[in-house]
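Visitor: Each chain, written out:
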Amino acid sequence: MKRHLISAADLTRDDALLVLDTAEEMARVADRPIKKLPTLRGRTVVNLFFEDSTRTRISFEAAAKRLSADVINFSAKGSSVSKGESLKDTALTLEAMGADAVVIRHHSSGAPHRLATSGWINASVVNAGDGTHEHPTQALLDALTMRRHLSGVGRDLEGRRITIVGDVLHSRVARSNVLLLTTLGAEVTLVAPPTLLPIGVEQWPCKVSYDLDAVLAKSDAVMMLRVQRERMNAAFFPTEREYARRYGLDGLRMAALPEHAIVMHPGPMNRGMEITAEVADSPRCTAVEQVANGVSTRMAVLYLLLGGSEPAITGTRTDSADADGRPAAEAPEAARTEESK
Amino acid sequence: MSKILIRGARLLGGEPMDVLIDGERIAEVGTGLTAEGADVVEGEGRILLPGLVDLHTHLREPGREDSETVLTGTRAAAVGGYTAVHAMANTFPVADTAGVVEQVWRLGKESGYCDVQPVGAVTVGLEGRKLAELGAMADSAARVRVFSDDGKCVDDAVIMRRALEYVKAFGGVVAQHAQEPRLTEGAQMNEGIVSGELGLTGWPAVAEESIIARDVLLAAHVGSRVHICHLSTAGSVEIVRWAKSKGWDVTAEVTPHHLLLTDELVRTYNPVYKVNPPLRTEADVMALREALADGTIDCVATDHAPHPTEDKDCEWPAAAMGMVGLETALSVVQHTMVDTGLLDWSGVADRMSARPAAIGRLAGHGRPIAAGEPANLVLLDPAYRGAVNPADFASRSRNTPYEGRELPGRVIATFLRGRATVMDGKLT
Chain A
1 MKRHLISAAD
11 LTRDDALLVL
21 DTAEEMARVA
31 DRPIKKLPTL
41 RGRTVVNLFF
51 EDSTRTRISF
61 EAAAKRLSAD
71 VINFSAKGSS
81 VSKGESLKDT
91 ALTLEAMGAD
101 AVVIRHHSSG
111 APHRLATSGW
121 INASVVNAGD
131 GTHEHPTQAL
141 LDALTMRRHL
151 SGVGRDLEGR
161 RITIVGDVLH
171 SRVARSNVLL
181 LTTLGAEVTL
191 VAPPTLLPIG
201 VEQWPCKVSY
211 DLDAVLAKSD
221 AVMMLRVQRE
231 RMNAAFFPTE
241 REYARRYGLD
251 GLRMAALPEH
261 AIVMHPGPMN
271 RGMEITAEVA
281 DSPRCTAVEQ
291 VANGVSTRMA
301 VLYLLLGGSE
311 PAITGTRTDS
321 ADADGRPAAE
331 APEAARTEES
341 K
Chain B
1 MSKILIRGAR
11 LLGGEPMDVL
21 IDGERIAEVG
31 TGLTAEGADV
41 VEGEGRILLP
51 GLVDLHTHLR
61 EPGREDSETV
71 LTGTRAAAVG
81 GYTAVHAMAN
91 TFPVADTAGV
101 VEQVWRLGKE
111 SGYCDVQPVG
121 AVTVGLEGRK
131 LAELGAMADS
141 AARVRVFSDD
151 GKCVDDAVIM
161 RRALEYVKAF
171 GGVVAQHAQE
181 PRLTEGAQMN
191 EGIVSGELGL
201 TGWPAVAEES
211 IIARDVLLAA
221 HVGSRVHICH
231 LSTAGSVEIV
241 RWAKSKGWDV
251 TAEVTPHHLL
261 LTDELVRTYN
271 PVYKVNPPLR
281 TEADVMALRE
291 ALADGTIDCV
301 ATDHAPHPTE
311 DKDCEWPAAA
321 MGMVGLETAL
331 SVVQHTMVDT
341 GLLDWSGVAD
351 RMSARPAAIG
361 RLAGHGRPIA
371 AGEPANLVLL
381 DPAYRGAVNP
391 ADFASRSRNT
401 PYEGRELPGR
411 VIATFLRGRA
421 TVMDGKLT
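Protein chains in written order, with our numbering: chain A, 1 to 341; chain B, 1 to 428.
Simulated from the structure, these hints should not be mistaken for lab results.
Incorrect hints may appear among the rest.
[What the hints assert, rightly or not] Within a straight-line C-alpha distance of at most 25 Å, the following computed SDA-like cross-link-like pairs (lysine to any residue) qualify:
id: 1; chain 1: A; residue 1: K88; chain 2: A; residue 2: V29
id: 2; chain 1: A; residue 1: K2; chain 2: B; residue 2: L217
id: 3; chain 1: B; residue 1: K152; chain 2: B; residue 2: L217
id: 4; chain 1: A; residue 1: K77; chain 2: B; residue 2: D66
id: 5; chain 1: A; residue 1: K88; chain 2: B; residue 2: V272
id: 6; chain 1: B; residue 1: K426; chain 2: B; residue 2: E133
id: 7; chain 1: B; residue 1: K246; chain 2: B; residue 2: I159
id: 8; chain 1: A; residue 1: K88; chain 2: B; residue 2: P16
id: 9; chain 1: A; residue 1: K88; chain 2: B; residue 2: K246
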């Protein structure tokens, strides 16, 4: 695996399966009386959140803590960032504090990529959602969920038909899922009104349909994306009701799905908009299970990026300078820096 | 002023000739020239062109002297082979009064490296609502002939119509930054396959093309002339080609970066590639080169847009748009147009000197290399190959997209009215 996780495209099929298989192992920890592994003891994981996202942040926080990492939550609100500090200076600060991994959520597409490639920090960077670009750990947890229901633990998603419905244009979840699910062999169909599909979508490795009803019967899983009500103010669709009628999943449409098919939602749900309460609360809806899978998936990602090939307990940062304050030649650090170039 | 003899340089890429400069003018052009006491500049293997003229330069002074000043910008221009630049109006304060354009003009005079011809704003504060005092700027010491709200589009059709009409009184031209504002709200890059994948808000070609289409029709309707700034799409080329075929007085410029770079570079998320209009596709680049070669696009203009490091050393959407270009323009044109066989050196002289000077109604520039003409010249070595190193720039800013890229050609000497502003590749 690469040193950072910025895009679902960073993952080969083998990488993705390794993450998913590792996540299954991590999931078993949750069943233990003490839900903790010593694996990342002494490592520091920073949750750098420039955008409000309690759900994703606590998921990463729980994942890091279950691996015994030290977790620092850095949220932009009320911090130096709101006083105009640049991403670069924030990064340099985190580097100086000895972050081993930075989990970043940012409103700007590409911010994690900048953080990982600009030479500002040596830490591993995990993209926890950037603008309207990608959200790779969401795609991984979605794949984990699908695999359990549709193909079985240890397998890929070869031939499974996954339908993703909603605001693809603004969705980082859709982008990461198209890339990852295709890597895992699934056939992805995007369904949205034409206004909510990006220009160039026909080049993506998936099918596109404007008609939800036409694809339901051929879907092994339907993933409903959150649609912001404000979008109608920019004329992406006329009204909430029209959107719900044409692209919302209700009981009738759910009945058109094959019996084994699941309904997914990355949350938070807009009940009554893209999904009705009847569907959201049905046993076929995996939204809550996805949340649980999120923690094991993020444990797997952090473990593989930070500890996977190293012993569980490594030297701490304070060892890197000798008594005279000279930096010692710290082999693992040097190696990581070179690797990044 | 002493005499200078440029010996054996290929005039406009043609046969080697000697050029004798006496004072501010070219005294003689011929072979086997000698001149007692003249400084000799060896021109063998080198190309001699008229000094370059830029229709589109952001010198940033007054207001953003942290990124460029008239002095540093004209030094950069001289290094790039320019003897005249048009300083865009989007300064702080905006160059929308006779006072501001005269200030910029005077700073240019004082710099001595390159003539500075201020561009006046079309509307007060570039806000697109009220015409600026175009006549006062035209009548000022700066003698403004090019008016532009560049950075912003004159999107109101009535204001654009009136501006086109009004400047006829003094032979002015409106240089339009063609960008339909509603279609480009929050736009970050070219709208296409790459923007869809990167999740960056798209800047669609139609936002440029629809304004150009409207403005060539308006110019025809009122019998005025319009100039299109930094044309960037294949569709825009088609519209300008059509307008010219009608005999309408429409001119257009293209930047060096739009002749070379594409939106694929945005995949790096490195804001050094962020520019407005954005980098387009390979097909657009090819159409622009072809249009420059066949004259549909009249000239190359740099859109030299200096920005301080902190405005680029950040995440993409937070970064400023623009690239410096004065010091690399000729090399990029050689690389994309000359070395590809699309344009010869006399074509380069036409597109980078004669035509921009004509569009700007600029006297004394873009002239033939002949006895009696002002000695505004650039001598370049086309055989040179070297990687671009921003640390070497004379510009105060370093935001070049070409760092580390090997480009051909190098300016050896630049002469502004007989005085060398650059000699042996270095500022004098």
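Visitor: If a hint holds in the structure, say so; if it doesn't, say that too.
Guide: Verification of the hints:
no.	hint	result
1	A:K88 x A:V29	violated (37 Å)
2	A:K2 x B:L217	violated (55 Å)
3	B:K152 x B:L217	holds (20 Å)
4	A:K77 x B:D66	violated (30 Å)
5	A:K88 x B:V272	holds (15 Å)
6	B:K426 x B:E133	violated (40 Å)
7	B:K246 x B:I159	holds (24 Å)
8	A:K88 x B:P16	violated (53 Å)
9	A:K88 x B:K246	violated (53 Å)
In terms of the numbered hints stated before, the structure departs from hints 1, 2, 4, 6, 8 and 9, listed from lowest to highest.
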